[in-house]
Amino acid sequence: MGRSDPGVDESQGALGLPINAPPQQADERISIVLVLDTSESMGHGKGKLPIDSLNEALRGWAKELRESEVSGFGEIAIVTFGNGGVQLHNLQRTGTPANFRNAFVPVSTFTPPVLRASGVTPMVEALRQVLKLVRDRKDELREDGVEIRFRPLVWMISDGEPTNAEGESTTEWRALCPELRAAEQSRHCLFFAIGVGSGVNQAVLRQLAPESTYLVGQTVPFIEILKLVSTSIEIGIEGGRHLRNAPAEDIYRITRKRLEAIEKMFSAQPGA
Amino acid sequence: MADNPWRVVAASLTGGSHLRQGTECQDAHRHRRLGDVLLLAVADGAGSAPRSAEGASIAAGTALALLEEKLRGGGAPNTPAGWEALAWDVLHQTVGRLNQAVRALAGDGANPKDFATTLSVVVLAGPWTVYAGVGDGFLVLQTSDGHLYLPVPPQQVGEYRNEAVFLTTACWEEYASVVPIWDPGRTGVALSTDGLVRAVLEHRLSPRGPGRGTPVRTPVQPLSGFFAGVFRYAADPRFDPRQLYAEIMNKRFDEVSGDDRTLLVAVQQ
Chain S
48 MGRSDPGVDE
58 SQGALGLPIN
68 APPQQADERI
78 SIVLVLDTSE
88 SMGHGKGKLP
98 IDSLNEALRG
108 WAKELRESEV
118 SGFGEIAIVT
128 FGNGGVQLHN
138 LQRTGTPANF
148 RNAFVPVSTF
158 TPPVLRASGV
168 TPMVEALRQV
178 LKLVRDRKDE
188 LREDGVEIRF
198 RPLVWMISDG
208 EPTNAEGEST
218 TEWRALCPEL
228 RAAEQSRHCL
238 FFAIGVGSGV
248 NQAVLRQLAP
258 ESTYLVGQTV
268 PFIEILKLVS
278 TSIEIGIEGG
288 RHLRNAPAED
298 IYRITRKRLE
308 AIEKMFSAQP
318 GA
Chain F
75 MADNPWRVVA
85 ASLTGGSHLR
95 QGTECQDAHR
105 HRRLGDVLLL
115 AVADGAGSAP
125 RSAEGASIAA
135 GTALALLEEK
145 LRGGGAPNTP
155 AGWEALAWDV
165 LHQTVGRLNQ
175 AVRALAGDGA
185 NPKDFATTLS
195 VVVLAGPWTV
205 YAGVGDGFLV
215 LQTSDGHLYL
225 PVPPQQVGEY
235 RNEAVFLTTA
245 CWEEYASVVP
255 IWDPGRTGVA
265 LSTDGLVRAV
275 LEHRLSPRGP
285 GRGTPVRTPV
295 QPLSGFFAGV
305 FRYAADPRFD
315 PRQLYAEIMN
325 KRFDEVSGDD
335 RTLLVAVQQ
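Line order of the protein sequences matches chains S and F.
Quick note: the first sequence, position 114, residue 161 per my numbering, numbers continuous.
Quick note: the second sequence, position 150, residue 224 per my numbering, numbers continuous.
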């Protein structure tokens with residue numbers, strides 16, 4: 048009648064037909080696992096120690112992530128290898144030992160633990176536990192009725208090479224390669240590896256992650272490395288929405304393409 | 075055609091997340107009248123395939139042309155087996171022609187996957203509602219007493235809900251479905267692509283099975299308020315069909331799914 052109808056809400060459709068309510072809480076999820084090297088070598092260096100730089104970068108990155116699109120439906124877990132052996136961190140800080148339930152926190156509440164460096168580099172054991180963690184977590188999410196729309200992203204950052212309990216280099220990682228390839232092919236998860244500095248065993252990383260290893264110089268700030276993780280999250284989300292059935296290699300290829308500019312910046316850095 | 079009892083309204087639109095990416099709408103819908111028979115098709119081009127909008131359009135158009143050819147040539151079957159044979163034939167030939175079209179459009183080096191699309195077609199002939207499809211389209215029927223049902227739910231194939239099989243998938247036949255339904259009481263038909271699944275179907279949380287990989291949320295029935303309204307409006311000659319577009323363009327839908335959305339509705343008058 049010439050005046051606006053108070054019953055018409057902009058958010059309602061023209062006909063006002065009911066639809067299922069938009070989800071109050073995210074019922075889709077992208078799981079991110081950081082697998083971080085906290086072995087002895089992360090506690091050595093001139094000037095600021097690598098482990099301190101990593102802690103600082105994690106804090107800054109967590110803040111960025113909390114304010115990003117992924118905040119609404121991302122969750123994150125941290126597994127470290129080095130100090131204290133392989134450690135799954137209870138990011139929910141419930142005071143109990145970490146397990147696949149309390150290891151993940153919503154990105155919106157993610158505050159990283161302060162990491163310390165010591166000991167040897169049980170990288171292989173850490174990755175085994177991560178594969179299991181991801182599997183258990185997916186089962187749990189399914190039970191809760193959460194749609195696992197996106198492949199979990201596993202990012203490892205290391206400055207060394209895998210060792211046994213005595214700190215000697217080991218070839219155990221060879222047995223892990225087929226497990227990782229199978230995880231990729233079955234779309235269980237995506238696995239990325241970053242080697243930092245000159246002490247990293249490039250050959251091992253390239254075997255563990257043939258399509259998705261990134262080597263960066265010692266002087267590249269950790270925050271730049273964590274931005275790679277953010278880029279992969281964006282691609283992971285896009286992938287979940289639009290790259291139906293895409294094989295892992297395609298996602299890695301797209302990630303790599305996106306990262307070319309960043310890599311150029313890395314290659315211009317001295318110290319690698 | 076005066077003797078065709080069906081009134082058809084339809085809308086396809088680009089979903090919010092495709093808009094953000096600057097992708098065009100990759101859904102297509104078509105319908106064709108053939109005496110008192112009505113043919114419907116919807117197709118959902120894969121978001122990851124660069125020419126999937128063309129694929130969707132070719133698939134929907136080709137399938138309807140083939141159906142028309144066969145129904146004109148041999149008449150409408152009157153047994154489930156007869157309909158099944160006809161529908162499989164149409165799917166096979168549609169895939170063949172889509173591949174030919176891909177070669178014609180993109181040359182010998184053409185990658186059919188660039189044109190990846192789902193396809194759902196429906197024949198409405200007398201008491202028969204015959205569905206043939208590849209991928210995750212779904213079909214809702216309404217009967218004269220107002221009952222709503224979901225004879226063809228969206229297909230869920232993999233661990234992740236967003237996986238789908240396309241006409242260009244090598245093993246498409248394993249995942250294709252052909253469903254002849256005999257229901258003389260059917261008065262309304264809605265055919266849709268997967269973009270509306272979350273918003274307009276009711277889901278049930280499936281109990282956890284003994285093995286891993288049990289699907290979680292299974293769409294079990296049409297959301298009655300939504301479809302009752304859609305069929306009511308679609309049957310009303312005063313209803314402006316553009317309102318259907320306005321309805322599903324609504325941002326509430328984007329909050330539930332950012333995908334392209336297509337709804338093709340036919341009601342018997």
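Keep in mind that the hints are not guaranteed to be accurate.
Stated by the list, open to error - Listed next, the stretches of chain F that the computed footprint assigns to chain S, with coverage defined by at least 3 CB atoms under 8 Å from CB atoms of chain S:
1. 126-134
2. 148-158
3. 265-275
What the hints assert, rightly or not - No more than 35 Å apart at the CA atoms, straight line, and that leaves these computed lysine-lysine pairs for DSBU-like:
4. S/K93 with S/K274
5. S/K274 with F/K144
6. S/K274 with S/K95
7. F/K187 with S/K274
8. S/K110 with F/K187
9. F/K325 with S/K179
10. S/K274 with F/K325
11. F/K144 with S/K304
12. S/K274 with S/K110
Since the hints were made in silico from the structure, they are not lab data.
Values in this document were obtained by computation on a predicted structure and should not be read as measured data.
Just so you know, even glycine gets a beta-carbon here, dropped at the ideal spot from N, CA and C.
We went through each hint and held it up to the structure:
With 0 residues bearing a CB less than 8 Å from a CB of chain S, the segment 126-134 of chain F misses the requirement of three and the coverage assertion fails. Here the segment 148-158 of chain F counts 0 residues with a CB under 8 Å from a CB of chain S, which misses the bar of 3, and the coverage is violated. For the segment 265-275 of chain F, the proposed coverage by chain S is satisfied: 4 residues have a C-beta within less than 8 Å of a C-beta in that chain, meeting the threshold of three. Using a Cα cut-off of 35 Å, the hinted pair S/K93 and S/K274 holds, with the two alpha carbons roughly 24 Å apart.
Taking the CA atoms of S/K274 and F/K144, the gap is near 57 Å; set against the 35 Å cutoff, the hint is violated. Restraint check: the Cα-Cα separation between S/K274 and S/K95 comes to about 21 Å, which is no more than 35 Å; the hinted pair holds. Proposed proximity of F/K187 and S/K274 is supported: the alpha carbons are some 32 Å apart, at most 35 Å. For the proposed pair S/K110 and F/K187, the alpha carbon gap of about 40 Å is over 35 Å, so the pair is violated.
As the CA atoms of F/K325 and S/K179 are separated by approximately 39 Å, the hinted pair breaks the 35 Å bound. Proposed proximity of S/K274 and F/K325 is supported: the alpha carbons are some 31 Å apart, at most 35 Å. Only pairs whose Cα atoms come within 35 Å are accepted, and F/K144 paired with S/K304 is rejected, the gap being roughly 48 Å. A threshold of 35 Å between alpha carbons decides the hint, and for S/K274 with S/K110 the separation of about 12 Å falls inside it, so the pair holds.
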